[in-house]
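> Chain residues, written in single-letter form:
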Amino acid sequence: MKKSFILFILGISFACVINAQNNDDTKAQINKIKRSTQYLSAEATMATEEEALNLARELLVAEINDWVASKRKGAEVKQVVLQDINSCAQQMDMKRGVKTRAFLYVKKKDIVLIYGEGQIVLNNEESGVDLQPLSEISTPLQNDVAVVENAEDTSFKKILGAKTMTDLKPIFASLKNDGKIKYGSYNSDIVLEECYLLFYTREGNIKSIVRKNRDNYTDAKGKKTINLSDFSGCGAYWFILQ
Amino acid sequence: MRNLLRWLTVAVCFSAIVTVNAQEGVKLEIVDGLYNDALKTKMERSASRLLTEINAAYNDNRALNLVNMGLSDGAVSGLAALWENVHFYCDDSEVVQSCLTVGNTYQVRQIPLMIKPQGESLDDEYQEAVINFDATGKITRFNFTLSTNVYQNVMKKGKTVTEVSRRQQILSYVEQFRTAYNEKDIVFLENIFSEDALIITGTVTKVRKTDGVGISYNKVTYKKQNKQQYIANLKRSFASNKWINVLFEDVKVVKHPNPMMEGFYGVTVRQKYSNSRGYSDDGYLFLLWDFRDKDNVQIHVRTWQPYWMDDNKTQPIAKEDVFTPGDFVIDL
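Each protein sequence line maps, in turn, to chains A and B.
Just remember that my numbering sits 140 ahead of the position in the first sequence, which is counted from 1.
Just remember that my numbering sits 683 ahead of the position in the second sequence, which is counted from 1.
Keep in mind the hints are simulated off the structure, nothing from the lab.
Any given hint could turn out to be false.
Cross-link-like lysine to any residue pairs, in silico, SDA-like; alpha carbons within 20 Å at most [claimed, not checked]:
{"no.": "1", "chain 1": "A", "residue 1": "K172", "chain 2": "B", "residue 2": "Y905"}
{"no.": "2", "chain 1": "A", "residue 1": "K172", "chain 2": "B", "residue 2": "K839"}
{"no.": "3", "chain 1": "A", "residue 1": "K249", "chain 2": "A", "residue 2": "T166"}
{"no.": "4", "chain 1": "A", "residue 1": "K172", "chain 2": "B", "residue 2": "Q793"}
{"no.": "5", "chain 1": "A", "residue 1": "K239", "chain 2": "B", "residue 2": "S776"}
{"no.": "6", "chain 1": "A", "residue 1": "K249", "chain 2": "B", "residue 2": "D715"}
{"no.": "7", "chain 1": "B", "residue 1": "K710", "chain 2": "A", "residue 2": "K249"}
{"no.": "8", "chain 1": "A", "residue 1": "K172", "chain 2": "B", "residue 2": "V937"}
{"no.": "9", "chain 1": "A", "residue 1": "K174", "chain 2": "B", "residue 2": "Q793"}
{"no.": "10", "chain 1": "A", "residue 1": "K174", "chain 2": "B", "residue 2": "E712"}
{"no.": "11", "chain 1": "B", "residue 1": "K839", "chain 2": "A", "residue 2": "K249"}
{"no.": "12", "chain 1": "A", "residue 1": "K247", "chain 2": "B", "residue 2": "V714"}
{"no.": "13", "chain 1": "A", "residue 1": "K247", "chain 2": "B", "residue 2": "Y856"}
{"no.": "14", "chain 1": "A", "residue 1": "K239", "chain 2": "B", "residue 2": "A763"}
{"no.": "15", "chain 1": "B", "residue 1": "K710", "chain 2": "A", "residue 2": "T166"}
{"no.": "16", "chain 1": "A", "residue 1": "K248", "chain 2": "B", "residue 2": "K710"}
Per label pair, the in silico range of CB-to-CB distance [as the list claims (entries may be wrong)]:
{"no.": "17", "chain 1": "B", "residue 1": "S959", "chain 2": "A", "residue 2": "A168", "range": "49 to 59 Å"}
{"no.": "18", "chain 1": "B", "residue 1": "P942", "chain 2": "A", "residue 2": "I380", "range": "49 to 59 Å"}
{"no.": "19", "chain 1": "A", "residue 1": "S372", "chain 2": "B", "residue 2": "P942", "range": "23 to 33 Å"}
{"no.": "20", "chain 1": "A", "residue 1": "E191", "chain 2": "B", "residue 2": "R745", "range": "50 to 60 Å"}
{"no.": "21", "chain 1": "B", "residue 1": "N751", "chain 2": "A", "residue 2": "K249", "range": "58 to 68 Å"}
{"no.": "22", "chain 1": "B", "residue 1": "K839", "chain 2": "A", "residue 2": "T177", "range": "54 to 64 Å"}
{"no.": "23", "chain 1": "A", "residue 1": "E191", "chain 2": "B", "residue 2": "Q998", "range": "52 to 62 Å"}
{"no.": "24", "chain 1": "B", "residue 1": "V844", "chain 2": "A", "residue 2": "V238", "range": "46 to 56 Å"}
{"no.": "25", "chain 1": "B", "residue 1": "G1009", "chain 2": "A", "residue 2": "K248", "range": "37 to 47 Å"}
{"no.": "26", "chain 1": "B", "residue 1": "S920", "chain 2": "A", "residue 2": "V238", "range": "52 to 62 Å"}
Calculated from the model, a selection of chain A residues having no Cβ within reach of chain B, i.e. all distances over 12 Å [stated by the list, open to error]:
{"no.": "27", "residue": "I173"}
{"no.": "28", "residue": "R175"}
{"no.": "29", "residue": "S181"}
{"no.": "30", "residue": "L195"}
{"no.": "31", "residue": "K239"}
{"no.": "32", "residue": "G301"}
{"no.": "33", "residue": "E343"}
{"no.": "34", "residue": "K363"}
Idealized CB from N, CA, C, for every residue including glycine.
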């Protein structure tokens, strides 16, 4: 009985030590991220984990907005294609007394800025060379998109090869440079009789390319009818190959 | 075997005790928002020393020793008064935060504190603090903060740089005003209320209709006090209570709608008050602040209205009944 009690106390005490050690490790990790210039981060301590996460998310969005505004061409940014914070920002949480601390962070490189007419820029320098490919965290292209049999084959193949908006950026830029494409961000106010629509998720993954012919929307092969409501919540670009 | 177990128990329990004590050495690091290296280093050093002293005093259960810390007189007296009423420690050995510029002063927010339980609570209570610095990097105030969500909600309504700056200033005063109750800082409260301040306190009373049916309803009746009466009552309350705890939630800042009242702001907060004698209340506190003279900020109106209209706490006071700046005309 006495031995069991001692073992019980030992177990409890050991758990306390391990828990404190874990907390210390998490705190050290959080501080490392805060010190790094590669990340934007936010934290909140609230009564429940959900409240803490919601507030940290709100603070992180504010942080991202401030960061965008402080950039050289911040005022020209038309859209910030945020990786969905729920899926791309890493979260850490830990206890502060009876409250819960949530810490969210996102890599600056994973924030996609869209300037003006469809020019996709991934960071301030617009160099594109130091970017971590989004493909590392993306899922494969979900829809089957076949090659179209016409003169725009080569250009279209290149676009089909892009799995993410990061991949797409240099392809669009190169085709635009060669005068082989016209494109822009798409919304319901834009009237185009014939074009392609490229849908992408908030995570920056390209979901599908749809052929638009007046009011008909088909897959890229032109065989299967597509319902646009399938892309609810996605961002979209229109493009015309020349 | 028995001896080994005994020693192991002692060793592990000792380790566990050590980990729940406040870690004495605290290092504060400013990672963003301040680009003058000398100033940054000065602020980091003085804040680190202060937080380290707070943790040492907490562990030793002694008074704070703030001599030669380079704090302003206001910061020393405020902290000493706060410490008399409540003990706390910094929860992290490394605090990494950004610096905010407020006018020509600085703030480091989200300093994580754990407060020694007051009243019937058994758990340490989490509270964040803000350290205020003057333009030279000297610590001028150590305040408990409004919660981050409350602060954020007020700040995001500021659209222009001037508005953002004014809102920061207002919240800074609100934080000091709130902490003044924890510190029992009667001098600050005497100074912040204008001499002709209007102080109104509401209480819920049950009113019986005289239509013979005997239906009763709850109504708020108001009692008016002048500054001297209010301060006298406050002094009595401070003297008879070991501690007073004031929490501010749902802060709303509104500019006075009358263009003639430029510089006047109404601040409405949901105040949760409790003291060591077991009294507690929950109500809307409305303060009409006068920021025309930034060196002599004043409160002209303070009203308190109960949050709940019934004993069962099912019926909150109607939003339209809560005082707003437009309800008060000040002779300028």
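> Look at each hint and say if it fits the structure.
Going down the list of hints, with the structure as the test:
1. For the given pair, A/K172 sits about 54 Å from B/Y905 by alpha-carbon distance, which is inconsistent with the 20 Å threshold.
2. The straight-line distance between the Cα atoms of A/K172 and B/K839 is roughly 28 Å, outside the 20 Å bound, and the hint therefore fails.
3. Proposed proximity of A/K249 and A/T166 is contradicted: the alpha carbons are some 23 Å apart, above 20 Å.
4. Distance check on the hinted pair: A/K172 and B/Q793 sit about 17 Å apart at the alpha-carbon level, within 20 Å; holds.
5. Restraint check for A/K239 and B/S776: the C-alpha separation of about 19 Å stays at or below 20 Å, so the hint holds.
6. Note on A/K249 and B/D715: the hinted pairing holds, with a Cα-Cα distance of about 19 Å set against a maximum of 20 Å.
7. For the hint linking B/K710 to A/K249, the alpha-carbon distance of about 30 Å lies beyond 20 Å, and the restraint is violated.
8. For the suggested pair A/K172 and B/V937, the alpha carbons sit about 39 Å apart, so the restraint of at most 20 Å is broken.
9. A threshold of 20 Å between alpha carbons decides the hint, and for A/K174 with B/Q793 the separation of about 13 Å falls inside it, so the pair holds.
10. Between A/K174 and B/E712 the CA atoms are separated by roughly 10 Å; this keeps the pair inside 20 Å, and the hint holds.
11. Under the criterion of a C-alpha separation no larger than 20 Å, the hint pairing B/K839 with A/K249 is inconsistent with the structure, at around 25 Å.
12. At roughly 16 Å between alpha-carbon atoms, A/K247 and B/V714 fall within 20 Å of each other, so this suggested pair holds.
13. The hinted pair formed by A/K247 and B/Y856 fails the criterion: a straight-line CA distance of about 35 Å is larger than 20 Å.
14. Distance hint between A/K239 and B/A763 is unfulfilled; the C-alpha atoms sit about 27 Å from each other, more than 20 Å.
15. Taking the CA atoms of B/K710 and A/T166, the gap is about 17 Å. The hint holds against a cut of 20 Å.
16. Between the alpha carbons of A/K248 and B/K710 the distance comes to roughly 27 Å, so the proposed pair goes past 20 Å and is violated.
17. The given range of 49 to 59 Å is broken by B/S959 and A/A168, whose C-beta atoms sit roughly 38 Å from each other.
18. Restraint check, B/P942 to A/I380: a C-beta distance of roughly 54 Å satisfies the suggested window 49 to 59 Å.
19. A C-beta distance of roughly 46 Å is found between A/S372 and B/P942, which places it outside the suggested range of 23 to 33 Å.
20. Checked against the hint of 50 to 60 Å, the pair A/E191 and B/R745 fails, with Cβ atoms roughly 36 Å apart.
21. Remark: the range hint 58 to 68 Å for B/N751 to A/K249 is contradicted by a beta-carbon distance near 46 Å.
22. Evaluation of the 54 to 64 Å hint for B/K839 and A/T177 yields a failure: the beta carbon distance comes to about 25 Å.
23. Restraint check, A/E191 to B/Q998: a C-beta distance of roughly 25 Å breaks the suggested window 52 to 62 Å.
24. Between B/V844 and A/V238 the beta carbons are some 39 Å apart, a value that contradicts the proposed interval 46 to 56 Å.
25. A C-beta distance of roughly 45 Å is found between B/G1009 and A/K248, which places it inside the suggested range of 37 to 47 Å.
26. For B/S920 and A/V238, the hinted distance range of 52 to 62 Å is not satisfied, since their beta carbons lie about 28 Å from each other.
27. Separation of A/I173 from chain B is inadequate, the least Cβ-Cβ distance of about 9 Å not exceeding the 12 Å criterion.
28. Not every CB of chain B is more than 12 Å from the CB of A/R175 (nearest about 6 Å), against its label as outside the interface.
29. The Cβ of A/S181 sits about 10 Å from the closest Cβ of chain B, inside the 12 Å cut-off, so the non-interface label is violated.
30. A cut-off of 12 Å between C-beta atoms contradicts the statement that A/L195 is not in contact with chain B; the least separation is 5 Å.
31. Its closest Cβ contact with chain B, about 5 Å, brings A/K239 to no more than 12 Å, contrary to its assignment away from the interface.
32. Every CB of chain B is more than 12 Å from the CB of A/G301 (nearest about 39 Å), matching its label as outside the interface.
33. The claim that A/E343 lies off the interface holds: its Cβ sits roughly 26 Å from the closest Cβ of chain B, which is beyond the 12 Å cut-off.
34. Once the 12 Å rule is applied to beta carbons, A/K363 is consistent with being away from chain B; the minimum gap is 49 Å.
The structure fails hints 1, 2, 3, 7, 8, 11, 13, 14, 16, 17, 19, 20, 21, 22, 23, 24, 26, 27, 28, 29, 30, 31 (numbered hints given earlier, in ascending order).
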